[in-house]
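2 protein chains.
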Amino acid sequence: MGFISTENAPVDVADVPLPAHYAGLKTSGERMLATWDAACTWGQTPDGGMNRLSLNDDDKSVREWFVAATEKCGCKVTVDAMGNIFAVRPGLKNDLPPIAIGSHLDTQPTGGRYDGILGVTTGMEVLQTLHAAGVTTYAPLAIVNWTNEEGARFPPAMLASGTWAGAFTTEYAHARADKDGKTIRNELERIGFLGATPCSHTAMPLSAHFELHIEQGPVLDAANQSLAVVKGIQAIRWYNIDLVGREGHTGTTPMATRADALLGAARMTVAANTIALAMPPAANAMATVAVVHAQPQSINTIAGKVRLCLDLRAATDADGETLDAQVRVAFAAIAAEQGLGYTIECFWTSPALHFDPVMVQCVRASTNSLGCAMELVSGAGHDSGYTSMHVPTGMIFTRCREGISHNPNEWTSPEDVALSAEAMLGAYLRYDDYLRRKYEGKNV
Amino acid sequence: MGFISTENAPVDVADVPLPAHYAGLKTSGERMLATWDAACTWGQTPDGGMNRLSLNDDDKSVREWFVAATEKCGCKVTVDAMGNIFAVRPGLKNDLPPIAIGSHLDTQPTGGRYDGILGVTTGMEVLQTLHAAGVTTYAPLAIVNWTNEEGARFPPAMLASGTWAGAFTTEYAHARADKDGKTIRNELERIGFLGATPCSHTAMPLSAHFELHIEQGPVLDAANQSLAVVKGIQAIRWYNIDLVGREGHTGTTPMATRADALLGAARMTVAANTIALAMPPAANAMATVAVVHAQPQSINTIAGKVRLCLDLRAATDADGETLDAQVRVAFAAIAAEQGLGYTIECFWTSPALHFDPVMVQCVRASTNSLGCAMELVSGAGHDSGYTSMHVPTGMIFTRCREGISHNPNEWTSPEDVALSAEAMLGAYLRYDDYLRRKYEGKNV
Numbered sequence: 001m002g003f004i005s006t007e008n009a010p011v012d013v014a015d016v017p018l019p020a021h022y023a024g025l026k027t028s029g030e031r032m033l034a035t036w037d038a039a040c041t042w043g044q045t046p047d048g049g050m051n052r053l054s055l056n057d058d059d060k061s062v063r064e065w066f067v068a069a070t071e072k073c074g075c076k077v078t079v080d081a082m083g084n085i086f087a088v089r090p091g092l093k094n095d096l097p098p099i100a101i102g103s104h105l106d107t108q109p110t111g112g113r114y115d116g117i118l119g120v121t122t123g124m125e126v127l128q129t130l131h132a133a134g135v136t137t138y139a140p141l142a143i144v145n146w147t148n149e150e151g152a153r154f155p156p157a158m159l160a161s162g163t164w165a166g167a168f169t170t171e172y173a174h175a176r177a178d179k180d181g182k183t184i185r186n187e188l189e190r191i192g193f194l195g196a197t198p199c200s201h202t203a204m205p206l207s208a209h210f211e212l213h214i215e216q217g218p219v220l221d222a223a224n225q226s227l228a229v230v231k232g233i234q235a236i237r238w239y240n241i242d243l244v245g246r247e248g249h250t251g252t253t254p255m256a257t258r259a260d261a262l263l264g265a266a267r268m269t270v271a272a273n274t275i276a277l278a279m280p281p282a283a284n285a286m287a288t289v290a291v292v293h294a295q296p297q298s299i300n301t302i303a304g305k306v307r308l309c310l311d312l313r314a315a316t317d318a319d320g321e322t323l324d325a326q327v328r329v330a331f332a333a334i335a336a337e338q339g340l341g342y343t344i345e346c347f348w349t350s351p352a353l354h355f356d357p358v359m360v361q362c363v364r365a366s367t368n369s370l371g372c373a374m375e376l377v378s379g380a381g382h383d384s385g386y387t388s389m390h391v392p393t394g395m396i397f398t399r400c401r402e403g404i405s406h407n408p409n410e411w412t413s414p415e416d417v418a419l420s421a422e423a424m425l426g427a428y429l430r431y432d433d434y435l436r437r438k439y440e441g442k443n444v
Numbered sequence: 445m446g447f448i449s450t451e452n453a454p455v456d457v458a459d460v461p462l463p464a465h466y467a468g469l470k471t472s473g474e475r476m477l478a479t480w481d482a483a484c485t486w487g488q489t490p491d492g493g494m495n496r497l498s499l500n501d502d503d504k505s506v507r508e509w510f511v512a513a514t515e516k517c518g519c520k521v522t523v524d525a526m527g528n529i530f531a532v533r534p535g536l537k538n539d540l541p542p543i544a545i546g547s548h549l550d551t552q553p554t555g556g557r558y559d560g561i562l563g564v565t566t567g568m569e570v571l572q573t574l575h576a577a578g579v580t581t582y583a584p585l586a587i588v589n590w591t592n593e594e595g596a597r598f599p600p601a602m603l604a605s606g607t608w609a610g611a612f613t614t615e616y617a618h619a620r621a622d623k624d625g626k627t628i629r630n631e632l633e634r635i636g637f638l639g640a641t642p643c644s645h646t647a648m649p650l651s652a653h654f655e656l657h658i659e660q661g662p663v664l665d666a667a668n669q670s671l672a673v674v675k676g677i678q679a680i681r682w683y684n685i686d687l688v689g690r691e692g693h694t695g696t697t698p699m700a701t702r703a704d705a706l707l708g709a710a711r712m713t714v715a716a717n718t719i720a721l722a723m724p725p726a727a728n729a730m731a732t733v734a735v736v737h738a739q740p741q742s743i744n745t746i747a748g749k750v751r752l753c754l755d756l757r758a759a760t761d762a763d764g765e766t767l768d769a770q771v772r773v774a775f776a777a778i779a780a781e782q783g784l785g786y787t788i789e790c791f792w793t794s795p796a797l798h799f800d801p802v803m804v805q806c807v808r809a810s811t812n813s814l815g816c817a818m819e820l821v822s823g824a825g826h827d828s829g830y831t832s833m834h835v836p837t838g839m840i841f842t843r844c845r846e847g848i849s850h851n852p853n854e855w856t857s858p859e860d861v862a863l864s865a866e867a868m869l870g871a872y873l874r875y876d877d878y879l880r881r882k883y884e885g886k887n888v
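Chain order of the listed sequences is S and E.
FYI, in the numbering used here the residues of the first sequence are 1 to 444.
FYI, in the numbering used here the residues of the second sequence are 445 to 888.
Bound-form chain S, shown alone (with noise of 0.2 Å):
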């Protein structure tokens, strides 16, 4: 993935000024939080979480509810072949592809009421402001939920925003299936969300894509801090492992004639957690192995092999690139002390994503004018990373207790519920405006 910037005409990234006569708009704290209250009606699990896999029937109805709330405000909403659906909200000026404010409805099989749900309903309510309001904004307006953000269900992760930015094309997202076997085309069929759209950023345009999100990390929660700006998503990589030892007896098998694949296996772990820590904090690196599969997984038989994966992440693809590379200097040496047979593949790659500087400096008015200043680089992956390969796209992170997420006890305050509305909409008109001046050609 790469990143599209503005193009068309030179912009101050500073000058992205509130017009003044936006000045009295506001949103609504209590319709915000009924909004979103509305939005965790069907899979609400008895833990006070959520289980709303995508396209089952829970899915199904808040889709429904979804299409109903916005055409009330008067949106016409366009299904498309992912069964991505949005809610668009005419402008002064119709050829231009709306500016879209998008997440998902979907969550985990144990997740929260937040992650996701959020995001849409911010975006239902900076509708409900300009529809209450009788605003007519530059350009139109698109709610947008993306189809299996989670892929909990049908993975990949992020399966529908990346059909629409050409990552994966819909054939093979329609054949996606569940563990029963149930395929994405047929139960988006099953449950009247097949559009007749393509599932393209041609055939569905967008100026621009907007998405708030909860942290899903603990740093605006140690901060005691509500918002960040979000100023891209950190580069990943995800790597295989595999080690070949000698399975030995633990008892007759001196220490020293050893190939313990597991041994190695934990050097290794120790290993890549030394190296991201021992890099510059603006790296941000970070280095994970959570996964591991021994054999023979008997106690007293030396570990004969070992499979890894890794997860190493840092903010910018040449901080990427020197973990990787410190990293594969470590596990071949270790490989060869330990005498091991050793591979190791990098079986994904998402490069470092730098989000639109106008986009940016839009949420980074909005948010320090509700007196936030925190800046962050996502850790995770979003829909905005697939927007972000084709239009301006930008982000808000809104903090969520301790950090915790795909859990139950995923909690973002109601203040901070309301003020994440008042922010996107602060963003969101600021970025009308700046489409305006800069087709209108006035004071940019």
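FYI, nobody ran anything at the bench for these hints, they're computed from the structure.
Do not take every clue at face value.
[Said to hold, decoys possible] Keeping only pairs whose Cα atoms sit at most 30 Å apart, straight-line, the calculated DSSO-like set for lysine-lysine is:
(1) K516(E) <-> K305(S)
(2) K470(E) <-> K516(E)
(3) K305(S) <-> K749(E)
(4) K179(S) <-> K749(E)
(5) K72(S) <-> K60(S)
(6) K93(S) <-> K72(S)
Model the placement of chain E on the given structure of chain S, informed by the hints.
Only chain E this time, still in chain S's reference frame:
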């Protein structure tokens, strides 16, 4: 377990001569190889290995062959309640319990042709040598086939010698079941080896127990030696270690605030290895982590829970305690540093065994006479570990290629097979003469 040293008479352990009238008595390499080969008739696998799980039809066949072959050499066969077979050849003093040469005829499911089988058949070759020469020994001789040494079908290992020794009750042992729910008692009955004699060291007493076994380690092969005196069995301790950290997203959880259970486990695995390697060589300290269970095994979720299984061994109990203490200190420190909940449970301890000095000297004198000077401590458990709780016990190790065992590639040269019988004959005759001198009051 402890060991019983010879108590009835003072003894100069260096003084175990081979009586002059036995000087011409030799085992037959050809006959030994034929007997060993015949013992591998039942349960062969196409890859050259053996699959003769305890009490299956192939085990029944080899047992019937063993009974017939030993009866042909003038033995009276006793089968006890655990199916242990004692083929007793009378001596001069038949009020004395027999001197046993024992091991096992069952194998691992993917086992080899030497583990256990070599020990029983060297005993049979000693028997055939005495029978062919018409020699009457002082004490009776018993060739013993211990049931279910491997424990591969009916855990735990060494169950029947353990029952004989009183470590398990017969009721407990009879109730052990395989994965299909078949019990030892029913299978003994089915194959006709549920004997009337109680399984115990009082109902079926022995004067001593010799066992020859392949080393199952690479030391003899590396030293190019055929045989070794076994001085005892290492102290063994098995542990479960449970670590509890905090699950979190690998991309959004700062490295500094993690409680990564798998990182802690990796550091412990490395630390145990480092501690064992740092102990004095005489301690023969070994530390192995060969089992690891991590949760939730997702590449982008920090491991929240890990269980490790740890195997510690050392030449003496004191060395074992030192190893245990150092590991506990290191593990507690690592758990604290990584912010992990931590428990360690030692769920099985086998104290170090030191074989009876007269028995060891009989083995030493015999192997030395064959040009083999190596002395080892066994890293693996054997039936001799249990017999040593009640009677003087000694063991001989025979080299196996590269230390490979529990594997179809297990291999000992024909020359070493032949030499094994000769070494056992010499050790056995020395102890028989030692008993003669002890009870006759001559030359002791």
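| query | Is the straight-line distance between the alpha-carbon of K516(E) and that of K305(S) 30 Å or less? | reply | Judged against 30 Å, a Cα distance of about 48 Å means the pair is violated.
| query | Taken at face value, is the distance from the CA of K72(S) to the CA of K93(S) at most 30 Å? | reply | Measuring from Cα to Cα gives roughly 21 Å; hence the hint holds.
| Agreement of K470(E) and K516(E) with the hint, judged by alpha carbon distance not exceeding 30 Å | holds (20 Å)
| query | Is the hinted pair K72(S) and K60(S) satisfied, with a Cα-Cα distance of at most 30 Å? | reply | holds (18 Å)
| task | Below or equal to 30 Å on CA atoms is what counts here, so check K179(S) against K749(E). | result | holds (25 Å)
| query | Given the proposed pairing of K305(S) with K749(E), does the C-alpha separation stay at or below 30 Å? | reply | OK: K305(S) and K749(E) at ~22 Å, within 30 Å.
The structure does not agree with numbered hint 1 stated previously, though it agrees with all others.
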